[in-house]
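**Q** Using the hints provided, position chains B and C relative to the given structure of chain A.
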Amino acid sequence: MIALLLRDLKLAVRSGGGFGLALVFFLIVVTLAPLAIGSDTTTLTAIGPGILWLGALLACLLSVDRIFGLDFEDGSLDVLATAPIPQESVFLAKSAAHWMTTGLPLTLMAPVLGLLLNLPAPALLAVTIGLALGTPALSLIGAFGGALTLGVKRGGLLLSLLVLPLYIPTLIFGAEAARRAAHDLPYQTPIVFLAAITLFAAAIFPFAGAAVLRINLR
Amino acid sequence: MIPDLGKYTFEVSMSYGIGLALLAGLVAVYVIRARQVKKQLIAAEARKDA
Amino acid sequence: MSIWEFANPRQFMGWSGRALPWVAGLAGLCLSAGLIWGFFFTPDDFRQGSTVKIIYLHVPAAFSAINGYLIMFIGSLIWLIRRHHVSALAARAAAPIGATMTLIALITGAFWGQPMWGTWWVWDPRLTSFLILFLFYLGYIALWAAIDDPDTAADLTSVLAIVGSVFAILSRYAVLFWNQGLHQGTTVTVADGAQQDNIANVFFYPLILSMAGFSLLFISLVLLGTRTHIRARRLRVLFQKEMRT
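Protein chains in written order, with the working numbering: chain A, 1 to 218; chain B, 1 to 50; chain C, 1 to 245.
Isolated chain A (complex conformation) (with noise of 0.2 angstroms):
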C-alpha cells in the first residue's frame, strides 16, 4: 500500500501533468477573480474565502479523473487487483496520493494567495485550517466519483455532475469558517463540522469506491 502510494507520488511529480495543474489552475483562478469583480480591498475581503475555497474545489476536480482514469487505461489497475492487497486500500492509497499532490500544496499555497485578495490574518488561519481538514475529503469523494466514470468514454463532464453535489457540505462549512473568521467571529463550529465530514468520507468511501472498482473491473 505503502509502495502504490510512493509510486503514485513519483508519477505525478515525474510527469508533471496532475501535479502542477492543480496548482496553476489554482493560481490562475485567484489572479483572475479580483481582475473580473474589481480590485476594491473591502469586496475583495468580502469574497476572498469563497473565491478561495471555489478555486480549491475546481482545482481539485480537474484532475480527479486522472486518479484512476490512467491506470485503468493501461492495465495496471487490473494488475492491482490480483495483487495481494484489498481494493480499499487501493483506493485509499490512490485518494491519499491525490491528495498530497493536490490538496496539500493548494493548502499550503492558500495563505498567499489569501494575501493577494486582502485577507486578515484569522481568515487566512481559517482558511488553511480548513482547507488542511476539507481538501482529503474533497479528494476522497473525487476518488469515488473517478471510480464510478471508469468505465465511460470522456467521462469528464459526467464525472463533474456525479461529483459537484458530493462536494456541497464541504464547501459550505468551509467557506463558512472563513467568512465567520474573516468579520472576527467565532469558526470552530464549522471546522469541527468540516473535520467530521472528512473523517466520515473517510470511513465510507474507501467500501463504496472500492465496491465500485470490482464492479468496474469485472
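The set of hints was computed from the structure by calculation and includes no laboratory data. Predicted model, so just to flag it, every value in this text is computed and none were measured. Heads up, the beta-carbon is just placed ideally off N, CA and C, and yes, glycines get one too.
In silico lysine to aspartate or glutamate, DMTMM-like type, Cα no more than 25 angstroms apart, as pairs:
id, chain 1, residue 1, chain 2, residue 2
1, B, K39, C, D149
2, A, K153, A, D78
3, B, K39, C, E242
4, B, K38, C, D148
5, C, K241, C, D151
Here are some of the chain C residues that sit facing chain B, going by a computed Cβ distance under 7 angstroms:
id, residue
6, K53
7, Q114
8, T228
9, A232
**A** Then chains B and C, alone, in the frame of chain A:
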C-alpha cells in the same frame, strides 16, 4: 368560469400552465416510450417465433 | 409464498399490467378533482390572495420529489442486497419522474415567491436543498444513460444513489447551518395538536386530494416505466440473439 385571480393572475396561471405542461410532458414521454418498446418487442418476438 | 415473488419479472409484468389501469385511473381522478377543486372552488387567502392556489401544485410536487428519492434509495438497496432486477429498474424509472417533480416544485415556488417575497429566487435552505436534489437526480440519470452494460449500470447507480442519499441529508443540514431561511415551515401535518398554525380546512381537503393524486400518478408512472425497461431489456436480449444468428 375562470375564477377572478385578482392581481396575481399572471403568476397563478403561469405556474399552473408550466406545472401541468411539465406533468403532461412527463406522462407523454413515458406512455410513448412504453408503446414504442412494446411494439418493437412484439415484432421481435414474432421474428423469433417465425 | 414470499413477498419477493412479486419481484419476479414475469410475476411483476402480470400484476402490474392488471394494476396499472386502476392506479392510473385513480391518479387521474384524484389529480383532476384536487386541482379543479383547488383552482376553481377555493377562496383566496386574506394575505396571499389568489397565489395560495399554487400550493395545490407546489406542495404535492415537492412531496413527490422527496418520495421519489426515497423510492430510488430503497430500490437501489434491494438491488444491491437481493439482486432483483425489477427493483433496479424501478429505481431507474423513478429518477426522471422525481427530477420533473423537483423542477415543478422549483418553478411553481418561484412563481409564488415573486409576488410574496418579492423575488423569484432566494438562497434559502429549502430552495437550495431542492436545487441540490435536482442536481443529484440529473447525475443519477446521466450515469444510467452513460453505461452500456445493464447490470454494471444498475450496480454503479445503486452505489451512487446510496452515497448520494447520505450526502443529500448531509447537504440538507449543511445548508440549514449556512443560512436560516425565508421559507415557512411545513404546514401540512396530518395529526398535529397545534391547529391554529396549520393550514385551514378549506385549503386542506383539496390539497390532500391533490397530494394523493400526485402520489398515485408517481406510482403509475413508476410501474409503467419499469414495465418499459423490462421490455426494453428483453428486446435487447432478442436483438443480441438475432445478431448472433
